[in-house]
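Student: Top to bottom, those sequences are chains A and B.
Quick note: to get this note's numbering, add 16 to the position in the first sequence (first position is 1).
Quick note: to get this note's numbering, add 3 to the position in the second sequence (first position is 1).
By construction, these hints were calculated from the structure, which means they are not laboratory data.
Residues on chain A that point at chain B, a partial pick, calculated with CB under 10 Å:
hint, residue
1, Phe-115
2, Leu-118
3, Pro-129
4, Tyr-230
5, Arg-240
6, Ala-249
Reference listing, derived: stretches of chain A covered by chain B, where coverage requires no fewer than 3 residues with Cβ under 8 Å from a Cβ of chain B:
hint, region
7, 55-66
8, 70-78
9, 120-126
The structure displayed is predicted, hence computed values, not measured ones.
For each residue, glycine too, the CB sits at the ideal point set by N, CA and C.
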Amino acid sequence: MAATAERALGKATSRSGEHLLGIAALVALGVSAVMSLVVAPPDAVQGEVQRIMYVHVPSAWLAYLCFFVVFIASIAYLKTKKTRWDRVAAASAEIGVLFTSLAIVLGMLWGKPVWGTWWTWDPRLTTTAVLLMIYVAYLAIRRITDNPSRRARWAAVIGIVGFIDVPIVHLSVVWWRSLHQGPTLFRLGPPEIEGTMLLALLLGVAAFTITYAYLMTLRLRVGRLEERVAREALSPLVGAER
Amino acid sequence: MAPNAGYVIAGYLITALALGGYTLRLFARAREAKRRAQTIADRRRDG
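Could you put together the complete structure from these sequences and hints?
Tutor: Here it is as structure tokens:
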């Protein structure tokens with residue numbers, strides 16, 4: 017199964033695959049923007065400002081997905097010791113930090129007119145801020161040591177342990193009394209959202225997922241190139257030591 | 004303009020800038036890594 021996943025990753029990261037994903041991401045984001053800004057109706061209570069949901073929610077979901085990939089790749093690295101799994105985890109963590117930051121900023125922009133404040137120490141907001149700090153620490157730890165296998169091992173442990181916060185973030189609105197609204201889609205019973213709004217939201221999630229796939233291919237290529245540079249820069253020193 | 008439309012415009016603008024900016028940054032990092040790899044290879048070839 018790991019070999020199949022590696023082959024699929026190889027195909028997706030070829031240059032032609034990268035270009036195709038880039039075009040697909042651009043088109044999907046364009047369609048999603050039209051759907052959420054023009055086609056979807058304004059909210060009956062919040063009015064136009066609710067349209068932030070179509071970028072805020074996909075950003076948050078993509079952050080979950082990114083950190084899930086970090087979690088899986090970290091387990092795969094510890095099991096196989098293959099560098100490419102560490103590269104996948106590092107790439108996904110970096111993109112996850114981008115999506116988490118985006119979700120927080122967009123939430124603040126939505127919160128100000130609706131709640132009357134940019135920030136409050138609400139369980140959902142606080143656990144999301146902790147999530148961001150965990151993965152910023154993950155990226156910082158990768159810079160502490162130059163030893164690639166030690167770096168990958170430390171990072172993999174944080175990538176696995178840090179993922180514990182993802183279900184806590186998601187369930188925080190159920191477990192504790194929160195100002196943040198509860199789950200709209202992943203809940204018992206039918207979704208509490210109008211049909212066109214639901215379609216716009218799902219299109220936003222799809223567009224952000226394709227964008228994530230594209231950013232991953234780009235980031236993996238950068239990772240491979242940077243590793244090659246580091247290896248080649250060190251090779252005369254390693255040769256001299258022998 | 005609808006009330007609070009400024010927040011929506013700011014939200015979509017920030018999203019576009021973040022995703023676009025990160026993509027451009029990745030292109031720049033790839034270019035820089037390629038340039039450094041080429042410099043190392045040239046230096047090694049020249050002895």
